[in-house]
Amino acid sequence: MPPRIDVDAAPVASFVLTDHLAAGTDSGWHAHARHQLLFAGSGLMHLETDDAQWLLPPQQAAWISAGARHRVRVRAAAALCTAYLGPPTPDLAGGARVFAVPPVVVAMLEHAAGWDVRRCHGDPAARYFAVLVDLCREAVTRGRPWFLPTARTPELARAMAHVLARPGAPHSIAAVARAAAVSPRTLARRFAAEARMSFEAFVRAARLLRAMSRLLEPGAQVTEVGLEVGFASPAAFSRAFAAFVGEPPSAWRRRHAPHGSAGDAESGGARGQRQRGVIRTCYRGHV
Numbered sequence: 001m002p003p004r005i006d007v008d009a010a011p012v013a014s015f016v017l018t019d020h021l022a023a024g025t026d027s028g029w030h031a032h033a034r035h036q037l038l039f040a041g042s043g044l045m046h047l048e049t050d051d052a053q054w055l056l057p058p059q060q061a062a063w064i065s066a067g068a069r070h071r072v073r074v075r076a077a078a079a080l081c082t083a084y085l086g087p088p089t090p091d092l093a094g095g096a097r098v099f100a101v102p103p104v105v106v107a108m109l110e111h112a113a114g115w116d117v118r119r120c121h122g123d124p125a126a127r128y129f130a131v132l133v134d135l136c137r138e139a140v141t142r143g144r145p146w147f148l149p150t151a152r153t154p155e156l157a158r159a160m161a162h163v164l165a166r167p168g169a170p171h172s173i174a175a176v177a178r179a180a181a182v183s184p185r186t187l188a189r190r191f192a193a194e195a196r197m198s199f200e201a202f203v204r205a206a207r208l209l210r211a212m213s214r215l216l217e218p219g220a221q222v223t224e225v226g227l228e229v230g231f232a233s234p235a236a237f238s239r240a241f242a243a244f245v246g247e248p249p250s251a252w253r254r255r256h257a258p259h260g261s262a263g264d265a266e267s268g269g270a271r272g273q274r275q276r277g278v279i280r281t282c283y284r285g286h287v
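Oh and the sequence shown: position 101 is 101 in this note's numbering, straight run, nothing missing.
Because the hints were derived from the structure by calculation, they are not lab data. Where a beta carbon is used, it is the ideal one built from N, C-alpha and C, also for glycine. A portion of the hints provided could be inaccurate.
Claimed, not checked - Using C-beta positions, here's what the derived DEER-type ranges look like:
id, residue 1, residue 2, range
1, Ala188, Ala242, 37 to 45 angstroms
2, Pro184, Thr141, 31 to 39 angstroms
3, Ala77, Arg178, 36 to 44 angstroms
4, Pro124, Ser198, 47 to 55 angstroms
5, Asp123, Ala236, 51 to 59 angstroms
6, Arg189, Leu164, 14 to 22 angstroms
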């Protein structure tokens, strides 16, 4: 059996590994010496950094800067492909960013995942990874807004926790401020200064991120999910979801639910089998 590779002690600058995360996996907080380009082949992942909590859906990518503390959690099984990019790779995000990548990037990741990690060196490999990063450069600037900021003060943390506990409730800033033991004016200032978004924008993002996750659960119905997260009508939910995600909730569910179309089945099935075969032989470390 080939030796297992410690991702922070690999003898090459850049390489690609694949992984299959079992349901309930929690990587714990950690950081890596290399930048990471993480592609979610199947399954929904929750990516946390010191600054934000990101949702990483299937067929989307995340950039994680070298040295950035992060944690990856999944509720259901997921498959991913990760490029670990060492010097002289530039930092494209200054932290973490979730974004869509063109099909050529996915193909390059899957191709490089088949290489022997110990032989990913020399000019050909360096040129290959330089092209991969260049293809991601513009995509990162069009990052998805699928995150919630992290609070720095106890008052804002209490307010955020109150909203997240029941995102579908009819939250007003006055009611949430009472729950957080601050005045509405102080809470509005905390959201602007710490979260860099308004209270209303935070509530909307919390509702829509919950909806994105719920729609991928078995048996979830678009109308029920919309009402559950606080929208008064299916039309209002569909408009808000499409503006936030880029497609209506029904289309999102068809494309990404693990029990959906034939394309979804291939993503989580045959492709997942290829990924699991690689990871057992070459990976040791955290995502």
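Taking the hints in turn, this is what the structure says about them:
Checked against the given bound of 37 to 45 angstroms, the beta carbons of alanine 188 and alanine 242, roughly 28 angstroms apart, lie outside it. Restraint check, proline 184 to threonine 141: a C-beta distance of roughly 35 angstroms satisfies the suggested window 31 to 39 angstroms. Distance hint check for alanine 77 and arginine 178: the Cβ-Cβ separation is about 41 angstroms, which falls inside the suggested range of 36 to 44 angstroms. In this structure the supplied range 47 to 55 angstroms holds for proline 124 paired with serine 198, their Cβ-Cβ distance being about 50 angstroms.
At roughly 55 angstroms, the beta-carbon separation of aspartate 123 and alanine 236 lies within the given 51 to 59 angstroms, and the hint holds. The supplied range of 14 to 22 angstroms is met by arginine 189 and leucine 164, whose beta-carbon atoms lie about 20 angstroms from each other.
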